[in-house]
Amino acid sequence: MATELMAALENVLKSNKKVIMMELPADRYLEAGSASVKVLIDLGYRGVYVSFQRPCSNISSILSRNGIDTKKLVFIDAASPLAEEKKTGNCVYISERVEVDELVRAVYTSLGKLEGKKFIYIDSISTIALYKPLSETMRLSEFLVSTVRKENCTLVFNVAKDLAQKKFVRDIALKADAVIGVAE
Amino acid sequence: MIDQALIEKNIDSLGKGWIALLEVPAESLTEAEIVSLKALVDRNIFCIVLSGTKPYTSLLQFYNGLSLDTNKIAVIDCVTGTSKQNVEGKVWYMDGPNALTQISIAMSGAICNGGEDKAVLVDTLTSFLMHNKTEIFVRFAHSLVTKARINGASCLLLSVDDTMSRETRAEIVQLCDKVISVHDKL
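Taken in sequence, the protein lines are chains A and B. According to the working numbering, the first sequence is numbered sequentially starting from 1. According to the working numbering, the second sequence is numbered sequentially starting from 1.
Extracted from the complex, chain B is given alone in its bound form (with noise of 0.2 Å):
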C-alpha cells in the first residue's frame, strides 16, 4: 500500500524543478505511478509520463477510471511500437524503449512547450534499463534531467526496488534532489 502523504508531502517540500527518484516494491509499482501523477495533476502540473511499461492505451483505461484530468496528462509511449503522434498531441508512439534518440528529440519537444508547470515521469527506470546499455541509458537520463532542470520542469523517476546495480543506482541518484522509498515514514 501506498502512502498517498508521503508522496504529496515529498512533492511539497521540494518546490519547483526537483528531480527525485521514487523507489517501490514491483507489486506497487501501479499504485506508485498512480498516486504520483494525481499528485502532481492535483497540483495543477502538467505531466509527460515516459512509458516503459504500459501502452497509452492501457494508460488511459486507468486515467479515466480514477477520473483523472487528461488534459493534464501527455504521454510518450515506448510500448506500443509503432511511430505515429495521435491528432491531439497527448501521446508519442516511439518505436521501442531502446530508441532513446526518438525519445529525447520528443521529450525536448514536451518539456519546452509552453508556460506552465510541468514534471515528466518516468515509468520505469527499470524497464529501460532492461532495453539499453546502462552506460548509454544513464547518459540518456543525466541528459533528460539537464533538460528538465534548465526548462524548470521537475522529474520524477520510478524504480522497482533492488532491480539496478548499486553502481547504475549511485549513477542515476547522484543526478537527483530527493530519494523517495515508499518504505520511509512520514
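Looking at chain A on its own, in the form it has when it is part of the complex (with noise of 0.2 Å):
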C-alpha cells in the first residue's frame, strides 16, 4: 500500500501539480500519511505540516521514527490547544478557539521561514470541519489553494477515504490537480 502511494504521489509532483488531495484508508491513515510526508521530504522539499488530529510532540515522534527528518518540517499544532501541551521547538500552537485567521497567519508565517521547494499538508481537512463551520473550513482551503498558486509550493490535503465523499470534501477535491486514492 505505502509503495502504490509513494510511487502515484512521486509522479503527480514530477507533473507539476499544485494541489494534492489523498484519500488514504483510514485503518492505515497513519502509516501512509508518513510515507507520503517521507516521500516530499525525500524529494527535497521543505514543509509545513498542520496537525489538526495530534499533537505536535506525537506526530514529530512518528515521523522521525519513519526516518524522516523533522528538522525539515515547521508544525503547526491545532490539537493541543484543548489540552496544553508542553511548547516545543519547531512548533506553532494554535489558541484555543482555533481560529481560521490565525492558522492562516501561522502558514504564511511559517512558509516564510523555509526554503527552496516547499509544501502545506493538512491532516486533516476533515477533523477541521468538527470544530469549525463548513464556511470557515471552505475559507481555510480556499486561502491554502491561492497561496500555493501564487507561490511556489504543493498542497496536500489528507482525508480518509471512508469520508471522502462528504460533500465539502468533494468541493475541496474540485479545485485539487489531482486527488490520489490507494486501495485498502
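Any given hint could be a false lead.
To be verified - Keeping only pairs whose Cα atoms sit at most 20 Å apart, straight-line, the calculated SDA-like set for lysine to any residue is:
#, chain 1, residue 1, chain 2, residue 2
1, B, 16, A, 180
2, A, 166, B, 90
3, B, 178, A, 57
4, B, 178, A, 182
5, A, 132, B, 132
6, A, 132, B, 143
7, A, 167, B, 38
8, B, 16, A, 62
9, B, 178, A, 62
10, B, 90, B, 79
11, A, 14, A, 180
12, B, 133, A, 133
13, A, 132, B, 133
14, B, 178, A, 116
15, A, 166, B, 164
16, A, 132, B, 90
17, A, 167, A, 116
18, A, 18, A, 175
19, A, 71, A, 133
20, A, 167, B, 79
21, A, 38, B, 177
22, A, 166, B, 139
23, B, 133, A, 63
24, B, 72, B, 60
25, A, 166, B, 116
26, A, 132, B, 136
27, B, 38, B, 116
28, A, 166, B, 166
29, A, 132, B, 38
30, B, 178, A, 18
31, B, 178, A, 25
32, A, 71, A, 46
33, A, 167, B, 168
34, A, 18, A, 132
35, B, 178, A, 2
36, B, 133, B, 90
Hints are computed from structural coordinates only; laboratory data are not their basis.
Two chains, two frames, some hints: make the complex.
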C-alpha cells in the first residue's frame, strides 16, 4: 500500500501538480500519511505540517521513527490547544479558539521561514470540520489553494477514504489538480 | 472467546501512551473488557474505566470475582445516573452518557492526577454514540485522546463490531495508533 502511494505521489509531484488530495484508508491512515511526507522530504521539499489530529510532540516523534528529518518541517499544532501541551521547538501552537485567520497567519509566516521547494500538509481537512463551520473550513481551503497557486509551493490535503464522499470534501477535491486514492 | 494473548501482544507492542480501537462482537464485549483490564492492571498500569454500559456496583462484582486489584482501577460511571463521588475517590458518578462536559472534567482530573502509568478504557463507543449526536461525540473522543496523549496516558476504545457507520468509524480510527480486532490472528 505504501509503495503504491509513494509511486503515485511521486508521479503527481513530477508532473508539477500543485494541489493534491490524498484519500487514505482509515485503518492505515497514519502509515500512509507518514509515507507521503517521506516522499516529499526525500524529493527535497521542506514543509509546513498542519496537524488537527495529533499534538505536535506525537506526530513529530512518529515521523522521526519513520525516518523523516523533522528539522525540515514546521509544525502547526491545532490539536493540543484542547489539552495544553508543553511547548517545543519547531512548532507553532494555535490558540484554543482555532480561528481560521490565526491558522492562515501561522501558515503564511511558517512558509516564509522555509527555503527551496515547499509544501503545506493538511492532516486532516475532515477534523477541522468537526470544530469549525463548513464555511470556515472552505475559507481555509480557499486561502491555502490560492497561496500555493501564487507561490512555488505544493498543497496536500489528507482525508480518510471513508470520509471522502462528504460534500465539503468533494467541493475541495474539485479544486485539486490531482486526487490520489489508495486501495485498502 | 477472546484471545488474551492477542490483546497482551498488542498492548506490549504499542509501548507507552498509545491509543487503540478494540472491535469485538457484542457477545464477547464483557470478556474483552475484563481481559483488557486484567492485561493493563497486570502491567501495573492504573486504569480509568469510562463506563457507558454497566453501573459501578456491577463492575465491582466483576473485578472482585476475578481478583483484580481494585486499587488500580477508577471508574467514571455514566450509567447509575447520579452525581456524586464516593469517599475513596475511585468512582465518579455522572449524570448520564450524554453529560460530555461533566465527563470531560472528571476525565481531566483522573488523567492529569499523579505520576503513575495510566490508561483509559472506554466501554463502549457504541453506547456513547447511542446517547449523543455523532459529531459531538467524535469531537469529545478527539479531545479525550489528545488529552491522554499529552499526559502520556494510553487509551483503549472498545466498540461492538459493525455498530458504527463507515464515516464515524473512519473519524475514530484516524485518531488511533492501532485497530485491534478480536478476529485477528496472532
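Hinted pair residue 133 of chain B and residue 63 of chain A, Cα distance within 20 Å: Judged against 20 Å, a Cα distance of about 33 Å means the pair is violated.
Starting from residue 133 of chain B, check that the Cα of residue 133 of chain A is at most 20 Å away, please. 16 Å, holds
Next pair to validate is residue 16 of chain B with residue 62 of chain A; report whether the Cα-Cα distance is within 20 Å. 13 Å, holds
Does residue 178 of chain B pair with residue 57 of chain A here, judged by a C-alpha cut-off of 20 Å? Given pair residue 178 of chain B, residue 57 of chain A holds - Cα atoms ~18 Å apart, limit 20 Å.
Please work out if residue 16 of chain B and residue 180 of chain A have their alpha carbons no farther apart than 20 Å. With a Cα-Cα distance of about 33 Å, the restraint between residue 16 of chain B and residue 180 of chain A is violated, given a limit of 20 Å.
Are the Cα positions of residue 71 of chain A and residue 133 of chain A separated by 20 Å at most? Measuring from Cα to Cα gives roughly 33 Å; hence the hint is violated.
Could you grab the alpha-carbon distance between residue 167 of chain A and residue 38 of chain B and see if it respects the 20 Å cut-off? 44 Å, violated
Within a Cα-Cα threshold of 20 Å, do residue 166 of chain A and residue 116 of chain B meet the stated pairing? 42 Å, violated
Residue 178 of chain B and residue 182 of chain A: Cα distance at most 20 Å? Given that 20 Å is the threshold and the Cα spacing comes to 19 Å, the pair holds.
Verify the proposed pairing of residue 178 of chain B with residue 116 of chain A, using a straight-line Cα cut of 20 Å. Cα-Cα ~35 Å, so violated.
Is the Cα-Cα distance between residue 132 of chain A and residue 38 of chain B 20 Å or less? 40 Å, violated
Satisfaction of hint between residue 60 of chain B and residue 72 of chain B, Cα-Cα up to 20 Å: Roughly 12 Å between the alpha carbons, so the hint for residue 72 of chain B and residue 60 of chain B holds.
In the structure shown, a violation is registered for the earlier hints numbered 1, 2, 7, 14, 16, 17, 19, 20, 23, 25, 29, 30, 34, 36, in ascending order.
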